[in-house]
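Protein chains in written order, with the working numbering: chain A, 1 to 161; chain B, 1 to 790.
It is possible that some hints are incorrect.
Stated by the list, open to error - Taking lysine-lysine and the DSBU-like style, the derived pairs with C-alpha atoms no more than 35 Å apart in a straight line are:
1) B:306 <-> B:788
2) B:453 <-> B:407
3) A:83 <-> B:581
4) B:725 <-> A:121
Honestly, the hints are just simulated from the structure, not real lab data.
Here is how the chains run, residue by residue.
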Amino acid sequence: MKTITFTVNGQKYTREVEEHKTLLRFLREDISLTGTKEGCGAGECGACTVLLNSKPVNACLVLAVEIDGKEVITIEGIAQDGKLSPLQEAFERHHAIQCGFCTPGMIISAHSLLQRNPNPKREDIQEAIEGNFCRCTGYLQIIEAIEDAAEQLKPKKSKKR
Amino acid sequence: MFENIDPKELKYVGKGLKRIDGIEKATGDALYVSDMFLHGMLHAKVKASPFASARIKKIDTSRAEKLPGVRAILTGADLNYRVGLYIVDKYILAKDIVRHQGEAVAAVAADTEEIAKAAVDLIEVEYEELEPVLDPLKAIQTDAPLVHPDLGKYSYVEAAFTPVPGTNIANHTKLRKGDIEKGFKEADYIFEREYSNPSVQHVPMETHVSIAQWQAGDKITIWSSAQSPFTVRNLFCYSFGISHKNVRVIVPYVGGGFGGKAGIALEPLVACLSKKAGGKPVKLQATREEEFNLLACRSALVYKIKTGVKKDGKIIAQRMEMFWDSGAYADYAVNVTRASGYSAAGPYEIPNAWLDAYTIYTNKVYGTAYRGFGHVEFFWGLERHMDYIADKLKIDPLKFRLINTLKPGSRTITGELIHENSGNVSKCLETVAKAINYGVKTKEEEKREKQNKTIISKAVCALHKAPAMPPFTGTVVIIKMNEDGSVIANLALTDYGAGTYTSIAQIIAEQLRIPFEKVKIAFECDTDRDPYDWQTVASKGLMLSGNAAILACKDMLEKMYDMAAQILRANPCDLRHNDEKVYIVHDPHKFVRYREMAVGYAYSNGNGIGGPLVGVGRYTACGLTNLDKETGQGNPALDWTYGAHGVVIEIDPETGEFSVIHSASAFDAGKVINAAAARGQCVGGFIQGLGTAICEGYIYNSKGQLMNPSFTDNKIPTAKDIPEKMEVFFVETPQLDGPYGARGIGEHSMISVAPAIGNALKNALGIELLRMPIRSEDVWRELSKKRKAK
Numbered sequence: 001m002k003t004i005t006f007t008v009n010g011q012k013y014t015r016e017v018e019e020h021k022t023l024l025r026f027l028r029e030d031i032s033l034t035g036t037k038e039g040c041g042a043g044e045c046g047a048c049t050v051l052l053n054s055k056p057v058n059a060c061l062v063l064a065v066e067i068d069g070k071e072v073i074t075i076e077g078i079a080q081d082g083k084l085s086p087l088q089e090a091f092e093r094h095h096a097i098q099c100g101f102c103t104p105g106m107i108i109s110a111h112s113l114l115q116r117n118p119n120p121k122r123e124d125i126q127e128a129i130e131g132n133f134c135r136c137t138g139y140l141q142i143i144e145a146i147e148d149a150a151e152q153l154k155p156k157k158s159k160k161r
Numbered sequence: 001m002f003e004n005i006d007p008k009e010l011k012y013v014g015k016g017l018k019r020i021d022g023i024e025k026a027t028g029d030a031l032y033v034s035d036m037f038l039h040g041m042l043h044a045k046v047k048a049s050p051f052a053s054a055r056i057k058k059i060d061t062s063r064a065e066k067l068p069g070v071r072a073i074l075t076g077a078d079l080n081y082r083v084g085l086y087i088v089d090k091y092i093l094a095k096d097i098v099r100h101q102g103e104a105v106a107a108v109a110a111d112t113e114e115i116a117k118a119a120v121d122l123i124e125v126e127y128e129e130l131e132p133v134l135d136p137l138k139a140i141q142t143d144a145p146l147v148h149p150d151l152g153k154y155s156y157v158e159a160a161f162t163p164v165p166g167t168n169i170a171n172h173t174k175l176r177k178g179d180i181e182k183g184f185k186e187a188d189y190i191f192e193r194e195y196s197n198p199s200v201q202h203v204p205m206e207t208h209v210s211i212a213q214w215q216a217g218d219k220i221t222i223w224s225s226a227q228s229p230f231t232v233r234n235l236f237c238y239s240f241g242i243s244h245k246n247v248r249v250i251v252p253y254v255g256g257g258f259g260g261k262a263g264i265a266l267e268p269l270v271a272c273l274s275k276k277a278g279g280k281p282v283k284l285q286a287t288r289e290e291e292f293n294l295l296a297c298r299s300a301l302v303y304k305i306k307t308g309v310k311k312d313g314k315i316i317a318q319r320m321e322m323f324w325d326s327g328a329y330a331d332y333a334v335n336v337t338r339a340s341g342y343s344a345a346g347p348y349e350i351p352n353a354w355l356d357a358y359t360i361y362t363n364k365v366y367g368t369a370y371r372g373f374g375h376v377e378f379f380w381g382l383e384r385h386m387d388y389i390a391d392k393l394k395i396d397p398l399k400f401r402l403i404n405t406l407k408p409g410s411r412t413i414t415g416e417l418i419h420e421n422s423g424n425v426s427k428c429l430e431t432v433a434k435a436i437n438y439g440v441k442t443k444e445e446e447k448r449e450k451q452n453k454t455i456i457s458k459a460v461c462a463l464h465k466a467p468a469m470p471p472f473t474g475t476v477v478i479i480k481m482n483e484d485g486s487v488i489a490n491l492a493l494t495d496y497g498a499g500t501y502t503s504i505a506q507i508i509a510e511q512l513r514i515p516f517e518k519v520k521i522a523f524e525c526d527t528d529r530d531p532y533d534w535q536t537v538a539s540k541g542l543m544l545s546g547n548a549a550i551l552a553c554k555d556m557l558e559k560m561y562d563m564a565a566q567i568l569r570a571n572p573c574d575l576r577h578n579d580e581k582v583y584i585v586h587d588p589h590k591f592v593r594y595r596e597m598a599v600g601y602a603y604s605n606g607n608g609i610g611g612p613l614v615g616v617g618r619y620t621a622c623g624l625t626n627l628d629k630e631t632g633q634g635n636p637a638l639d640w641t642y643g644a645h646g647v648v649i650e651i652d653p654e655t656g657e658f659s660v661i662h663s664a665s666a667f668d669a670g671k672v673i674n675a676a677a678a679r680g681q682c683v684g685g686f687i688q689g690l691g692t693a694i695c696e697g698y699i700y701n702s703k704g705q706l707m708n709p710s711f712t713d714n715k716i717p718t719a720k721d722i723p724e725k726m727e728v729f730f731v732e733t734p735q736l737d738g739p740y741g742a743r744g745i746g747e748h749s750m751i752s753v754a755p756a757i758g759n760a761l762k763n764a765l766g767i768e769l770l771r772m773p774i775r776s777e778d779v780w781r782e783l784s785k786k787r788k789a790k
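Bound conformation, chain A alone (with noise of 0.2 Å):
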């Protein structure tokens, strides 16, 4: 066991953590946040994408202990107020969402595009989220959707989240 101290979603978190548990498995199981999704537990799907200190990871890849000291978001941490971001309400506004499932980690790397570069060519979206597996949509209206957010969000330059 290891005591760490980091942040989820803004929130510090003081834990003790076995050694070798995933981050994936620490979010579902320890802090309860089912939000982030388990597809494969192998790092190939992306289900389980998270931020950690702004940058997208597979949550099953990496150990809950490396977390020490670092800010995780996850998806429970996108809406703000129980409001949906631009980038939720446009996946749910184009149909972006079919079962899921995959939804939690693809939003959080369209997320992570869309504060990387807010200007993002298709080309840069697909790029994106080809770590995260869909297999409902056909991924389309998941673009559309995130071509649509990043165009919502140009005007309000300040509206940064």
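Following the hints, position chain B against chain A.
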């Protein structure tokens, strides 16, 4: 029920409204079974067979039993229950014999997943390895070892299936129409070829998961990532001989299914573990590897087609043989065989047809339903065959198809009459052909070829499918009105992604004339609370449950009209409804609001009438029949949804690499209820079809062990693999018994993607690929062969 309403008068039906489940899915709030944790819950793991075929000589669980935290261990010896959808042929845990690699031979429930895993590793199994039966064409021969020597003793659905005891044939479907010999005699040419495809994994993003609790008095609750809660309950009760009232199945949000979660899977095992553990809830979630080889896949197929044609391009006779590799158990594969059998000629008129379709047991992962239910597989061969014939006849492949398509007055191979409202496949073909500039190369395409040193090639393919379901399939929708005039609908059709609930909410809002936002479809299905639905499969959900929703609205309106007639002292026939009010038609300012009647109407003195408002709608398929077992004749189809794909592909003739750069798909949806959801089904299905076409498939070694049960070795399409341009079109020939004229479209988009690509490759390079998937290296190999031959 088609009501001939001017689309302009429809407020919600036909509009691309937001999904009703969008918010909880976009925020991660939606709770799936994999997210659920119950008080005192144990975690389960299974011990899998490393061999495809073996005799279990001994299982020693003594070391595992001693591990602290282990609460229950089961082996096949403990469980004398068989489970099966159509043929009851599978033990919950392998008993004496294992029939495929990955089959569970023992299971453990423990305090934690780690302990369960450690315990499974401590279980020692002694096997006697047997020679596996792997090739279905060998397995069908009379001297082949039997996968199920007891086939003759199994119970099965006799109205639909014909197992052949003493062989590996789990089912033999026959179809005879016209006079096949005479047809071939009259033909000017006969063309014969064989096409094949491997097993494929559905890849739902959420792997199969169940939680079960078997409490005293045989009271059982199951939470499952299942498509069909009532079918889970029914099959469960049949296997254990327990009353349906004792078993409650709850299905919350489900992370994709595509047919793989249609039947019963982990539920019986998890329930037995719970019983053994004294009634504690037990959870079992398949690993991604187990999703490939503990759970079921899509069956492999070998399809032999022999076609007789006249010089003018009219098909006159066709003999079809299907060899479905069911793997170790029959599951849905026998019904895939039946349904693809009666559909096997595609949307074409064949006056003389003969079909033998076999479901064949082998020692491989067993086959189940998968989006398209056999049609993705056999259309690969059929639509490649259509181009092959057209090429030989020197008729344009599109023209050849249009000569033979089913038209009003045509009869299908089961003898069903096609009429004006059956849908229009020719129009679908013409639509996609126009969209891709079929038959010509545009200036930009020529420029692109020069620039990229590539070849651009095109093809169009047709498709059709009807729901495969019992002829008497029925469903119920119940609508309840709340105090504020909003409504909640209960139904046991699940929405595991397709968006059907949103479409049904639109139908309810339209019928009741209330704002769309005031309609809720209860998302968690619960067999104790919800009325019956057979299964969520076959693209039948919108049509059957949509009709039931209309009837439930009409029932509720009738009750409201009765109440309003009293309140307003009017004849019910003089009443109308709109804007959440029932009013007198010739005096609209005399009205009563829905919310005043929602829980019964109260007069100012306190007198009450009516009671809380509930609407019940029951709908059942009508006019469908079992098929004659000798001739296959009858009426199996609730509706036929026709469609077509056109593809433009770009090929590097040096390396064989290719990609689809433009796709156009058209479906005769009858009436599109939600345009955005419908487009989502079509785009998503096309990309799933693309995966099947170019990269997916099970690879076995010579011992029947699956070599690629992971995303590393079994790729699925990513966002980078989609065509630069994807277009979706809808033809709307109303289905007269569909809700607002609608038909199902959920599966169809996946069908005939592969042959369109195969045909485009043939058109460009002259290579004839007859096996799916078509990987770039397969193209390169064919090109190399051609180069060497020169």
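Going down the list of hints, with the structure as the test:
no. : hint            : result
1   : B:306 <-> B:788 : holds (30 Å)
2   : B:453 <-> B:407 : violated (42 Å)
3   : A:83 <-> B:581  : holds (32 Å)
4   : B:725 <-> A:121 : holds (15 Å)
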